Amino acid sequence: MRKIFFFAFVAIALVSCRKKDDNGNEVNVSPNDYTLSADGLTLIKWTNSSTISIDMQGDSNLRKVNTIAENAFKDLKSLRAITFSDNLKEIDSDAFSGTNLSDGVNFNSYSDVVFGERVFYRSNIRKVVLPNTKALSNRIFAECRNLKEVTFKRTGIIGDGAFSSCGTLELVDLTDAGVTHIGKEAFANCKLLKKAILSVTMNLKTIGDKSFANCTSLENVTILALYPPYLEGDPFSGIAKTKFPTFYIPRKPKDLLDIYKGDNNWKNLVDKIQLIPK
Numbered sequence: 002m003r004k005i006f007f008f009a010f011v012a013i014a015l016v017s018c019r020k021k022d023d024n025g026n027e028v029n030v031s032p033n034d035y036t037l038s039a040d041g042l043t044l045i046k047w048t049n050s051s052t053i054s055i056d057m058q059g060d061s062n063l064r065k066v067n068t069i070a071e072n073a074f075k076d077l078k079s080l081r082a083i084t085f086s087d088n089l090k091e092i093d094s095d096a097f098s099g100t101n102l103s104d105g106v107n108f109n110s111y112s113d114v115v116f117g118e119r120v121f122y123r124s125n126i127r128k129v130v131l132p133n134t135k136a137l138s139n140r141i142f143a144e145c146r147n148l149k150e151v152t153f154k155r156t157g158i159i160g161d162g163a164f165s166s167c168g169t170l171e172l173v174d175l176t177d178a179g180v181t182h183i184g185k186e187a188f189a190n191c192k193l194l195k196k197a198i199l200s201v202t203m204n205l206k207t208i209g210d211k212s213f214a215n216c217t218s219l220e221n222v223t224i225l226a227l228y229p230p231y232l233e234g235d236p237f238s239g240i241a242k243t244k245f246p247t248f249y250i251p252r253k254p255k256d257l258l259d260i261y262k263g264d265n266n267w268k269n270l271v272d273k274i275q276l277i278p279k
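Here the sequence shown stands for residues 2 to 279, where the numbers follow the working numbering.
Simulated from the structure, these hints should not be mistaken for laboratory data.
Being a predicted model, the structure only gives us computed values, none of them experimental.
You may find that some hints are simply not true.
[Stated by the list, open to error] Only pairs whose alpha carbons sit at most 25 angstroms apart, straight line, appear in this in silico DSS-like list of lysine-lysine:
1. K268 - K255
2. K185 - K262
3. K196 - K268
4. K273 - K242
5. K149 - K185
6. K192 - K154
7. K206 - K185
8. K195 - K185
9. K149 - K268
10. K135 - K90
11. K273 - K253
12. K206 - K268
13. K195 - K268
14. K195 - K206
15. K135 - K78
16. K244 - K185
17. K90 - K128
18. K192 - K128
19. K90 - K65
20. K185 - K78
Generate coordinates for the entire structure from the input sequences, incorporating the hints supplied.
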């Protein structure tokens with residue numbers, strides 16, 4: 002019986018110690034750590050330079066935020082992890098540029114997220130499950146040299162240099178992403194990239210100039226498009242012809258191999274095009 006009373010007392014004490022805002026709502030983060038817009042929907046600036054982890058959804062004020070402003074967390078070296086609010090709709094340019102984020106970011110958005118340029122540029126992020134978005138902006142993850150694992154959800158466009166110089170990235174899988182365009186230098190200088198699986202059916206229209214430039218470890222590219230995507234410039238520049246990747250295409254329809262090999266835009270890759278192995 003004494004134990005029951007003891008635990009009940011501890012529970013009451015913990016509840017009473019939780020922070021409250023002026024309206025009595027529970028908060029997990031001091032309002033002194035950040036600046037919000039007047040309507041509380043935009044996080045303008047994070048001001049606590051010692052913050053290690055943030056759970057926006059777990060805070061009664063931050064869970065209302067739907068926009069993170071330009072440079073809001075830029076160069077915040079202490080920040081290792083962040084969970085975004087379910088209401089997140091937009092992250093502006095350079096919001097997390099130069100930030101640590103080695104323990105990851107968590108997206109739980111109900112709607113598509115709009116990204117400004119260089120949002121996570123030169124951060125130490127290691128893996129990420131992306132939200133649905135109409136476009137991954139230019140250089141959004143450029144020079145994230147520890148980024149090894151990316152899970153793509155619905156993604157319309159991959160911008161110029163989006164993942165350029167991600168030195169530990171080994172796999173790009175766009176199977177279900179519905180990507181229509183891969184921008185120039187999108188995956189350039191990803192030295193350890195071994196395999197790329199590009200979008201299904203008729204979605205993929207263009208592969209940008211130098212999009213896989215200097216990806217010298219690239220072994221194969223599986224293209225699930227049922228019509229040859231247009232190759233802009235030289236997407237695979239910097240890769241020796243003797244080490245060019247194999248290009249796998251679907252086994253059906255039966256004439257697809259002939260369509261790819263007969264496409265004038267793919268004529269220089271004829272010897273490297275094969276059907277997906279059984």
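Structure-based check of all given hints:
1. A hinted pair counts as satisfied when its Cα atoms are at most 25 angstroms apart, and K268 with K255 qualifies at roughly 19 angstroms.
2. A C-alpha spacing of about 23 angstroms is found between K185 and K262, which places the hinted pair at or below 25 angstroms, so the restraint holds.
3. Restraint check: the Cα-Cα separation between K196 and K268 comes to about 22 angstroms, which is no more than 25 angstroms; the hinted pair holds.
4. Taken as a hint, the K273 and K242 pair is honoured in the structure, with Cα atoms around 10 angstroms apart against an allowance of 25 angstroms.
5. About 21 angstroms separates the Cα atoms of K149 and K185, which keeps this hinted pair within 25 angstroms; it holds.
6. Restraint check: the Cα-Cα separation between K192 and K154 comes to about 24 angstroms, which is no more than 25 angstroms; the hinted pair holds.
7. Only pairs whose Cα atoms come within 25 angstroms are accepted, and K206 paired with K185 is accepted, the gap being roughly 13 angstroms.
8. Proposed proximity of K195 and K185 is supported: the alpha carbons are some 19 angstroms apart, at most 25 angstroms.
9. For the hint linking K149 to K268, the alpha-carbon distance of about 33 angstroms lies beyond 25 angstroms, and the restraint is violated.
10. Between K135 and K90 the alpha-carbon distance is near 12 angstroms, which keeps this suggested pair within the 25 angstroms criterion.
11. A hinted pair counts as satisfied when its Cα atoms are at most 25 angstroms apart, and K273 with K253 qualifies at roughly 18 angstroms.
12. Using a Cα cut-off of 25 angstroms, the hinted pair K206 and K268 holds, with the two alpha carbons roughly 17 angstroms apart.
13. Between K195 and K268 the CA atoms are separated by roughly 23 angstroms; this keeps the pair inside 25 angstroms, and the hint holds.
14. Taking the CA atoms of K195 and K206, the gap is near 23 angstroms; set against the 25 angstroms cutoff, the hint holds.
15. Between K135 and K78, the direct Cα distance comes to roughly 29 angstroms. Violation of the 25 angstroms bound is thereby established for this hinted pair.
16. This hinted pair checks out: K244 and K185 have alpha carbons roughly 21 angstroms apart, not beyond 25 angstroms.
17. Pair hint K90 plus K128 holds up; C-alpha atoms about 21 angstroms apart against a cutoff of 25 angstroms.
18. Taking the CA atoms of K192 and K128, the gap is about 17 angstroms. The hint holds against a cut of 25 angstroms.
19. Restraint check for K90 and K65: satisfied, since their Cα atoms lie roughly 11 angstroms apart, inside the 25 angstroms limit.
20. The hinted pair formed by K185 and K78 fails the criterion: a straight-line CA distance of about 30 angstroms is larger than 25 angstroms.
Violated hints for the displayed structure, listed by number in ascending order: 9, 15, 20.
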